[in-house]
Every structure is written in C-alpha cells, then in structure tokens.
Amino acid sequence: MKKLIVFLMLLFPAAAMADGNTVYLYNWTEYMPDQVLAQFTKETGIKVTYATYESNESMYAKVKLLDAGGYDLVFPSTYFVHKMKNEGLLSPIDKAKLKNLDHLDDTLLNKPYDPDNTYSVPYLWGSTAIGVNTTYIKDAITSWQDLWKPEFKNRVLLTDDLREVFGLGLKMKGYSVNDTDPAHIKEAYELLVQLLPNVRLFASDSPKQPFLNHEVFLGMIWNGEVFMAAEEMPEITYIYPEEGAIFWVDSMVIPKNAKNKDNAHAFIDFVLQPAIAKLICEEIGYASPNKTAVSMLAPELRDNPTVYPARADVEKGEFQTDVGDALLVLEEYWEKLKTR
Amino acid sequence: MNKPGLSHILTFRNTAIALVVTWTLLFIVVPTLMIAVVSVLQRDARTFVTPAFSLESYMALADPVYLKIFGKSFAYAAMTTLLCLLVGFPFAFFLARTRKRWQKPLLLLVIIPFWTSSLIRTYALIIILKANGIINTWLRAAGIIKLPLEILYTDIAVYIGLVYTLLPFMILPLYASLEKLDFRLVEAAFDLGARPVQVFTRIILPLSLPGIMAGAIMVFLPAMGLFYVPDLLGGAKSMLLGNLIKNQFLVAGNWPFGSAVSVFLTMLMLGLMAIYFKTMKRINTSVMEEA
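Chains as they are written, first to last, in numbering that gives the first Met the number 0: chain A, 0 to 339; chain B, 0 to 290.
Do not take every clue at face value.
Listing some non-contacts, in silico: residues in chain A with all C-beta distances to chain B over 10 Å [claimed, not checked]: (1) 28; (2) 36; (3) 68; (4) 86; (5) 139; (6) 150; (7) 153; (8) 202; (9) 204; (10) 208; (11) 223; (12) 229; (13) 261; (14) 333.
Computed from the model, here is a short list of chain B residues facing chain A with C-beta under 7 Å [stated by the list, open to error]: (15) 40; (16) 61; (17) 64; (18) 77; (19) 152; (20) 179; (21) 180; (22) 208; (23) 234; (24) 245; (25) 284.
Please keep in mind that the hints were generated in silico from the structure rather than gathered at the bench.
Glycine included, every Cβ here is placed at the ideal spot set by N, Cα and C.
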C-alpha cells in the first residue's frame, strides 16, 4: 500500500507539492534565459514554475480549458492578446504596481489589438519580411512582389502559417493583413495560387535551415531567424519590403482567474528593468520593447536593422489582430491552397 | 513453490493487469469515446463545442477538398507500401536463405535504427539529401553533376523518408513467412521442369502471401498517419489527413470536424484490418486444404 501511495505521488507531483509563494509562467520554448528566472527567485523569494508551448493555438486551448486559471503569466502574440481579451480571458494590468513601465518604447504601445495596453505589456517584438541569399540573387529585392518573379521558380520559402501567408496575399491586393471579407480572402487565394510554382516549401520549424542548405534563395521569414542564419552565412540578408512588413509583439498577459496576480505583476516589473530586458534581448535575439535597455546594448546589435528596423519601416508595417470566425474561411482556402 | 510466493505473484499479476486495463481505459478508450461524441456535436467559437446534436461535420467530409486530401494521403501510403514490398521482398528472401548464424546479426541491423526516434532519423535524412548535403557534395566532387540535384522538398524525398522509416515493418513479417518456406518444394518444382518465373509465381509467392499481407498492412496503416515525413522532407506543400486533423483542432478551432475526420480515419483502418483478417483466414484454410 505504501508503495502505491509513493507511485501515485510520482504520477501526480503537483498534488503532493504545497502551494507556497509561487508564480506559474507559461511561455514560448527558448524564449526566457534561465538566469532571469533564477535571479527573480533570488531577489523576491517567489518560486517560479515554468512551462512552455510551441504555438499560440496550443497555449490558447490550454488556457481556455483551464478556465483562464492555472497559469499566472502567459506570453501570447498580438492577435491572440486581442482574441483572448475579446473572449474575457484576461485580467487588466494594474499599472500602479509597475514602477518600470516608463522604459517602454511608445511606438509599440497603444496598438489596435489592445488600446492603452489595458491587458498586455510588450515582452519582445519582431517582424515577418523577406530573407535573401545574396550569393544567388544579385538584383536588389525591394518588394513582396519580387517573390512572384518567374526566375525564382522553386526557390521561394513561405512560413507554414496561414495568417502570415494570407496576410501576404491580402497585402498585395491592397487590403489589410487583418481583412475578414471572404471575397477579399478569395482574391488573395487566387494571387497565392500564382505564387505556388515558385514555392519550394512551407516551413515554420526553423525556416533558416533551407536558406543555410542552399535550397531556397529568398522567402518570407522572421527577423530573428535571419539574425541567427547570418552569423553562419553573412550572405543572408533581411529586407523590409516597400509594401511594409508584418509585425508582431509577444506580450505578457495575466489570465483572468490566475491565483497569484501580485506575483505576476512582480515578475512583469522585474522583466521591465533595463538590465534584465537587455540580458533577454542579447540571449534570445529578438528586439526588446524597452528603450532604455536598447540604448544600453552594444552598437553592433542596436544598429543591426535585422533586429532593430528603422522607425519608417515599423510605421509602414502592420500588426496582426484577431480575425474571429474569418479564421474558418482562411483555413478553408489554406486547405485548397495545399491540395492543388 | 510455497503459498505466500504464489499469492505474491498473483497479486503482482493482478496489479499489473489492473494497471494496464486502467491505463487503456483512461488514455485510449475514454479519449476515443470523447472524440466520437464531439464529432456529432456543433462547433462553438467560444467554448469549442456546444452540446447540440449535429451530423454537419460528417456531411462536410463529402467536400471535394477533403476527398483530395484523402486521395493524396491514400496515394502516398499505397505507393510507400508498394516500394517497401519491392525493396523488402528480395531483402527478406536473401535474409531467409543466408546461413543460420548470419541471420540473427543481420536482423539486428534491421532493428537497430528503431533505437533512435524516427523524427531524428528524418532530420538526418535532410542532412543527406540537402543541396549541400552528403549525396550532392559527393556527386559534385566526383564530377558527375555540376548543379546540385533537387531531391529535398520533392515527392522523391517523401518516398525515401517513408520507405526508410517503414521498411522494417515489411521485412520482419516477410522474413517470418519466408523463413518457414520449405525449400524442398522449390527444388521439386525445378526437378519437374518449372521455369524460375513459374517457381516464383506458383510456389514462393503463394506461400509468402500471409507475410506480404501482414507487411502491407503494417506499412500502409502508419503511412496514412506519418504526416511529419511529408512535412519535413516534402516541404509541407500538400495537406494530408494528419495535418488536416491537427489544423482543425488547433488553428480553425473546429473540434467537431477534426473529430469527424479522426473517426473516419479510425473506421477506415478498422475496415482494412477486418479485410486483412478475413483474407488471412481464407488463405490459411486454402493452404490447409491443399496440404
């Protein structure tokens, strides 16, 4: 019998653990240096229980099934902040508890997905634009339109993400990446069908690899991936197209029924300290929304346009917002696109 | 054996059985039933499903897009089975005909790759097939080709990956039935003037049919579901049943439809298994009658 109890305790460790002074974090994989967590516990005495996810969708499903409880702090992307806010899954941020809020860059605050940042505090941000291997492509690439050029047959990469791929189609048709009109989505689909002969692959699992393997010469990719690829192969460059890139911000949000909201606020404020934000940016390689931290960065990183685009490029770009049930229409055309 | 020892074994055995039964109930039967129930409910954007009966999801399956997805998955699986048979049959035949003391080590070589996760082996194939990979570097160094061959992210790469992953499932049952084949029958056929083709089609093939059937089933069924191989090696350009189910659950949030596709796939596999067992029974009886 004793053995059975031990066995059950091994099966359900959570039940056996006393719920002390803890904060439950749920974040993307490889998105937070361990050192930051250790330092937080050392300074505040609050224990950190850390879990990770690989897509917004699986995070959303889990938070929803746990009835917006279970975790104290989650890191969704822009359009999932919007979606979760609309569905009443989030708890407002108590700004009085955040002493370091002033360090944030205004250009990334008060966006349509969360006006006034009532529910979210930016964590890291980045973009989806064009990666080019200049060994093979000598002409300057300036526009998303260049992906359609016949000479790039079989040499283009697209991310395996229907919001981004259809965002590209919608943008080229002159609509917003967040357009929900089925007629417009159909037009975008027809344009994307013409791009298919050029598409070598769809990849969201390390899209830098096909570049490094010489399989594709240009394509849609995230800036952090190009930053890492360029360390191995400097010929790979990142271009902000004239039509504008797709931007995203991953923010810290507190689920509505979180049990340790005070600890979650303490963690947000900890991350907002310039020294900590600087450390995160250097380790993870995406841009920090913390302008004080950015000013402290080494010039090679701070002036690298792949990580920190010019202000004009950010203003030209667009942030993704939740498209609601239009997602079903997008999924339908995505299936059509992938069965041709 | 004394009594306490026996009762100890019995308790252990009962505990083990109870654990397995509980495990199966909890993690296989209950989830399968949940999926079956969800498949006849309605989608809800906020709560995933609403408890209202609907066969809508099953009707949606008739859409030509899903027939195409199904057709493509079926074609990949069928072609993989055929290729595995073409490669696996000669292999199993020679394996069964080599000296007894070589058979075990050779079989071990077939099984060893299983010790590594198939996902990792698929990534290893990328390193071999890529434009600056082992094959292309070697061919270019040897002066056979100038530009690298485009293998990765094509159907060829998908078939290489699927056949490589599933080949042992074909070889092992084939070997089992070929090893039992009485070679004196082959010698007798030759003595009676049969040509090699006749020996193969009239003696070897019918006697190894159970192995071929078992191998085909064991390759075909997983090939329908191994969507990460076409995703990683084929460049995710075609949507297969596995991707469809995943997308319906995670991206579109349409749980009833995702469940309906799962139920459909499970039914299809059960149907194939039933055909397999029926055919096996017939083959076994006909072999018995002939004997």
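Worksheet item: Can residue 180 of chain B be said to touch chain A, with a Cβ gap under 7 Å?
Response: Not OK, violated: residue 180 of chain B not within 7 Å of chain A, min 44 Å.
Worksheet entry | Consistency of the no-contact label for residue 139 of chain A, given chain B and a CB cut of 10 Å | Residue 139 of chain A is indeed farther than 10 Å from all Cβ atoms of chain B, at 24 Å.
Item to complete: Report holds or violated for the interface hint on residue 179 of chain B, using the least CB-CB distance to chain A and a cut-off of 7 Å.
Response: Constraint on residue 179 of chain B not satisfied, violated at 43 Å.
Discussion item. Take the shortest C-beta to C-beta distance between residue 284 of chain B and chain A; is it under 7 Å?
Written reply: violated, 43 Å
Worksheet item: For the hint on residue 245 of chain B, does the least C-beta distance to chain A fall short of 7 Å?
Response: Hint violated; residue 245 of chain B Cβ to chain A Cβ min 10 Å, cut 7 Å.
Discussion item. Does the closest beta carbon of chain A sit nearer than 7 Å to the beta carbon of residue 40 of chain B?
Written reply: violated, 16 Å
Worksheet item: Does residue 202 of chain A sit more than 10 Å from chain B, CB to CB?
Response: violated, 7 Å
Worksheet item: Can residue 152 of chain B be said to touch chain A, with a Cβ gap under 7 Å?
Response: holds, 5 Å
Item to complete: Run the C-beta distances from residue 86 of chain A to all of chain B and say if the shortest one exceeds 10 Å.
Response: violated, 6 Å
Practice prompt. Would you settle whether the hint for residue 234 of chain B is holds or violated, based on the nearest Cβ-Cβ distance to chain A being less than 7 Å?
Written response: With a closest approach of 3 Å, the residue 234 of chain B hint holds.
Item to complete: With 10 Å as the threshold, tell me whether residue 223 of chain A passes as away from chain B on beta-carbon distances.
Response: holds, 21 Å
Item to complete: Check the non-interface label on residue 68 of chain A: least C-beta distance to chain B beyond 10 Å or not.
Response: holds, 16 Å
Comparing the model with each numbered hint stated earlier shows that hints 4, 7, 8, 9, 10, 14, 15, 16, 18, 20, 21, 22, 24, 25 do not hold.
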